[in-house]
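Participant: Residue-level listing of the chains:
Number of protein chains: 2
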Amino acid sequence: MIDVKELYQKLDTYMGKQVTLQGWIRNIRKQKDFGFIDFSDGTYFKHIQLVYDNNLNIFPLINKLHVGCAITVTGRIQKSVGAGQDFELSIEDLKLEGDCPEDYPLQPKRHTREFLREIAYLRPRNNLFQAVFRIRSVAAQAIHTYFQEHNYVYVHTPLITTADCEGSDQMFKITSLNMQQMPMVDGHVDFSKDLFGKQAYITGSGQLHGETFAMAFKKIYTFGPTFRTENSNTKTHANEFWMIEPEIAFCDLNGLMDIEEDMLKYIVNYVLEKCPKEINFCDQYVENGLKEKLMQLTQSKFTRITHRDVIDILKQANVDFEFTPDYTEDIAKEHEKYITEYFNGPVFITDWPKDIKAWYMKVNEDGSTVAAVDLEVPGAGELMGGSQREDDYQTLLNRAKEFHVDIDAIDWFCNLRRYGGCYHSGFGMGFERLVIYLTGVENIRDVIPYPRTPKNCDF
Amino acid sequence: MIDVKELYQKLDTYMGKQVTLQGWIRNIRKQKDFGFIDFSDGTYFKHIQLVYDNNLNIFPLINKLHVGCAITVTGRIQKSVGAGQDFELSIEDLKLEGDCPEDYPLQPKRHTREFLREIAYLRPRNNLFQAVFRIRSVAAQAIHTYFQEHNYVYVHTPLITTADCEGSDQMFKITSLNMQQMPMVDGHVDFSKDLFGKQAYITGSGQLHGETFAMAFKKIYTFGPTFRTENSNTKTHANEFWMIEPEIAFCDLNGLMDIEEDMLKYIVNYVLEKCPKEINFCDQYVENGLKEKLMQLTQSKFTRITHRDVIDILKQANVDFEFTPDYTEDIAKEHEKYITEYFNGPVFITDWPKDIKAWYMKVNEDGSTVAAVDLEVPGAGELMGGSQREDDYQTLLNRAKEFHVDIDAIDWFCNLRRYGGCYHSGFGMGFERLVIYLTGVENIRDVIPYPRTPKNCDF
Chain A
1 MIDVKELYQK
11 LDTYMGKQVT
21 LQGWIRNIRK
31 QKDFGFIDFS
41 DGTYFKHIQL
51 VYDNNLNIFP
61 LINKLHVGCA
71 ITVTGRIQKS
81 VGAGQDFELS
91 IEDLKLEGDC
101 PEDYPLQPKR
111 HTREFLREIA
121 YLRPRNNLFQ
131 AVFRIRSVAA
141 QAIHTYFQEH
151 NYVYVHTPLI
161 TTADCEGSDQ
171 MFKITSLNMQ
181 QMPMVDGHVD
191 FSKDLFGKQA
201 YITGSGQLHG
211 ETFAMAFKKI
221 YTFGPTFRTE
231 NSNTKTHANE
241 FWMIEPEIAF
251 CDLNGLMDIE
261 EDMLKYIVNY
271 VLEKCPKEIN
281 FCDQYVENGL
291 KEKLMQLTQS
301 KFTRITHRDV
311 IDILKQANVD
321 FEFTPDYTED
331 IAKEHEKYIT
341 EYFNGPVFIT
351 DWPKDIKAWY
361 MKVNEDGSTV
371 AAVDLEVPGA
381 GELMGGSQRE
391 DDYQTLLNRA
401 KEFHVDIDAI
411 DWFCNLRRYG
421 GCYHSGFGMG
431 FERLVIYLTG
441 VENIRDVIPY
451 PRTPKNCDF
Chain B
460 MIDVKELYQK
470 LDTYMGKQVT
480 LQGWIRNIRK
490 QKDFGFIDFS
500 DGTYFKHIQL
510 VYDNNLNIFP
520 LINKLHVGCA
530 ITVTGRIQKS
540 VGAGQDFELS
550 IEDLKLEGDC
560 PEDYPLQPKR
570 HTREFLREIA
580 YLRPRNNLFQ
590 AVFRIRSVAA
600 QAIHTYFQEH
610 NYVYVHTPLI
620 TTADCEGSDQ
630 MFKITSLNMQ
640 QMPMVDGHVD
650 FSKDLFGKQA
660 YITGSGQLHG
670 ETFAMAFKKI
680 YTFGPTFRTE
690 NSNTKTHANE
700 FWMIEPEIAF
710 CDLNGLMDIE
720 EDMLKYIVNY
730 VLEKCPKEIN
740 FCDQYVENGL
750 KEKLMQLTQS
760 KFTRITHRDV
770 IDILKQANVD
780 FEFTPDYTED
790 IAKEHEKYIT
800 EYFNGPVFIT
810 DWPKDIKAWY
820 MKVNEDGSTV
830 AAVDLEVPGA
840 GELMGGSQRE
850 DDYQTLLNRA
860 KEFHVDIDAI
870 DWFCNLRRYG
880 GCYHSGFGMG
890 FERLVIYLTG
900 VENIRDVIPY
910 PRTPKNCDF
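Order-wise, the sequence lines are chains A and B.
All residue numbers for the first sequence refer to my numbering, where the first residue is 1 and numbers rise by one.
All residue numbers for the second sequence refer to my numbering, where the first residue is 460 and numbers rise by one.
Extracted from the complex, chain A is given alone in its bound form (with noise of 0.2 Å):
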């Protein structure tokens, strides 16, 4: 019993020889004398070719068979006559794992992506599902590799928090109380009865936590699941996703940009090598030019530039856009995109007005901008957001205050600045947005196993 990856690999060496398989027909052609079985097990991107023929005399089971059926069939490795593949495989004997209807929904045809989101618990079978769902688990391997290389502490900062400095309308509220009939005191909820006796949400970042790791290891990094409740129907949004929020003592913005720099291309040239199939494929059928994208990521420097000298030259551009660029606000998408056209690849925009960025982001000499830095890369607008932290005591809590932030529920946090704080940064990488650059798939429903959206979960 062999993987086909194996198969694959190890062509020489099975050339000629028997051997069993065990997956499913992906396709298969009835003649009346022989056919052809597309054969795949899922452990590689590539299928199989299986060859039978009436001389086996267990050719009528064979030809009982449907799309989807799991098998197992032993036969001979042999090259392959037909165009379409160098080997194939001869049945000597097949096994009826599992059968399935001919009205099996997912049919070897082109389907839409909004049908095969409806059969979400069937779409990892199809080809472009099987591209996306092993470039996801590579690329998470590629981050976790990369960061443990460089001696990174992977932290499982807590996802359930009673700390509401994200402010509560963004974040899920959980209870193990019966909501039916909370218990009510003076007209609230008693959430002394509650299983952690307070009103408990789950987060939407590790960043907290994971500073004050950062503070004993230097060096640390979260991956996990995060939730915004936000009520918006994009193509970017869900209410649940994954993130990656390294964070680093003793690093400057001008350090942290480094560092994000060298992970993505580390990222990306992991995935290249070890997904050419996979890459290829999005290449073909969902994005031209993806592997010409990744390809020259690897290879470039990323532009590195304030947001002052952004909007100036937006300002300057001869393009007629739908919101003006302003020195005091956010760039919108179109802006993002004129930006990584102009320098022709990923750019680094740093010092942003202390306005419309967090509270805990070192503010600047200049008083009005904070030493913060969000990545744009083409294609795929904003990839990760970070910032030098304010590592001043008094500072922060005004800041915290300015920003309406509860600052005793998080007095932990502040107090890093009075046990020998320093300077560091962090970042924030959304790993759909990453999963969404690499492929190439546009909708954030279609690189997530089972979407989580408004007025959406299904399965």
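Simulated from the structure, these hints should not be mistaken for laboratory data.
One or more hints might be untrue.
[Said to hold, decoys possible] PhoX-like cross-link-like pairs, simulated, lysine-lysine; straight-line CA separation at most 20 Å:
| id | chain 1 | residue 1 | chain 2 | residue 2 |
| --- | --- | --- | --- | --- |
| 1 | B | K632 | A | K198 |
| 2 | A | K337 | A | K301 |
| 3 | A | K173 | B | K914 |
| 4 | B | K657 | A | K455 |
| 5 | B | K914 | A | K193 |
| 6 | A | K455 | B | K652 |
| 7 | A | K198 | B | K914 |
| 8 | A | K173 | B | K652 |
| 9 | A | K79 | A | K10 |
| 10 | B | K632 | A | K455 |
| 11 | A | K173 | B | K657 |
| 12 | A | K235 | A | K265 |
| 13 | B | K694 | B | K796 |
| 14 | A | K173 | B | K632 |
These numbers were taken from a predicted model, which means no experiment stands behind them.
Could you slot chain B onto chain A? The hints should help.
Facilitator: Just chain B, lined up with the frame of chain A:
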């Protein structure tokens, strides 16, 4: 600027050379004319000794430093004359990055684990937690590397679910509604107004979703957080913990045990190789004999025995058990202990009474047991639980009904048996149990960065 880890790894290169380090003062011994600093940057378990004397013009500054201060220090690496270390850094320049007051809670003395939990945001700076959380991180990487090298696909199964298949009394409910004023209709909460349009939960297992991917990629694994509302204050229970759930198509119970055994040995070898200092520390200060236990495991052949035969052994044992062993019941902690000591190593217990195991496990031909397996390890009890899955559609439906599972919510899961199903198996491993086993630390609260237990959701 180099990491302390690099210094230790390339000591020959750096001996006699000037280097700059950034990190924290773990201890400082001030004499009249000289002093010693115990310095760590968190990148390596061993610290480094910094020496200084009053020939330095910054001598007064250094003598004002405290435990906990963050510093940038430059000096020459030289052989140490003192006992306790082979080399030291002779300070030439020092910059205070972040001060630390004298009432810093984490002093260089023995603190109780209970106290350290109260300062959970500082405890990763403590030696024990430097060891535990580095081992936790490296063990996570061992798991990812094992499965990726064996060509498994890492699947991010959803955390948010509306399928109430585990029994909602075990799951946290989540909502984006205002819990103070839930919208009601006919005396019930109107979940149609909630973000997903129905009652939603955060899940305790990714297995059902994992199976759908195993039917496409043959070999998959999950690794993510899971949640239980269990109101249980023991050393081994937490309400948020991480699980690994591999699922393998065309794999029976024996194949599954092969994988579990192979994986565990791989993880232990990996950690022994990458964290020798941390393991030695735990061996010395946490569990005497830990290292020997781990090394023995990698050499041992795990016992495989049925539940029935285990009960026979327990009944014949000359021990006054608190709970009488019974052929139709689960085994107690005391039985687990006896059995692992009896066989002097890990024990797979198979073929459990069907009524005390999950509804999706394959019913054996005897009609009374299921093809389930628990792995018991000396000192940590049940480390993994798995089974061959019921692959017959009608049998699965009947079992689900017996267990009062809402079949409509998981028709997709059941359908896997109709659309090219096959024999397949999977297991779950609680990641914290593994870390407890690897470190000898007894309480789950000390192997999770920020543990969530009943009435306890601080930080």
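Participant: Does K455 of chain A lie within 20 Å of K657 of chain B when you go C-alpha to C-alpha?
Facilitator: Holds. K657 of chain B to K455 of chain A sits at ~8 Å (cutoff 20 Å).
Participant: Against the 20 Å threshold, does the CA-CA distance of K694 of chain B and K796 of chain B hold or violate the hint?
Facilitator: Distance of about 16 Å is within 20 Å: holds.
Participant: So if I understand the rule, the pair passes when the alpha-carbon distance is 20 Å or less; does K632 of chain B with K455 of chain A pass?
Facilitator: holds, 16 Å
Participant: Quick one, are K198 of chain A and K914 of chain B close enough, alpha carbons at most 20 Å?
Facilitator: holds, 8 Å
Participant: Is K173 of chain A within 20 Å of K632 of chain B, Cα to Cα?
Facilitator: holds, 8 Å
Participant: Going straight from one Cα to the other, do K79 of chain A and K10 of chain A come out at no more than 20 Å?
Facilitator: holds, 14 Å
Participant: Do the alpha carbons of K455 of chain A and K652 of chain B lie within 20 Å of each other, as the hint requires?
Facilitator: holds, 9 Å
Participant: So if I understand the rule, the pair passes when the alpha-carbon distance is 20 Å or less; does K173 of chain A with K652 of chain B pass?
Facilitator: Given that 20 Å is the threshold and the Cα spacing comes to 15 Å, the pair holds.
Participant: CA of K235 of chain A to CA of K265 of chain A, is that 20 Å or under?
Facilitator: Since the Cα atoms of K235 of chain A and K265 of chain A sit roughly 25 Å apart, the hinted pair is violated (cutoff 20 Å).
Participant: Between K337 of chain A and K301 of chain A, is the straight-line Cα distance small enough, at 20 Å or below?
Facilitator: holds, 18 Å
Participant: Compare the distance between the alpha carbons of K632 of chain B and K198 of chain A with 20 Å, and conclude whether the hinted pair is satisfied.
Facilitator: holds, 15 Å
Participant: Is K173 of chain A within 20 Å of K914 of chain B, Cα to Cα?
Facilitator: This hinted pair holds, its Cα atoms lying about 16 Å apart.
Checked against the numbered hints given earlier, this structure breaks only hint 12.
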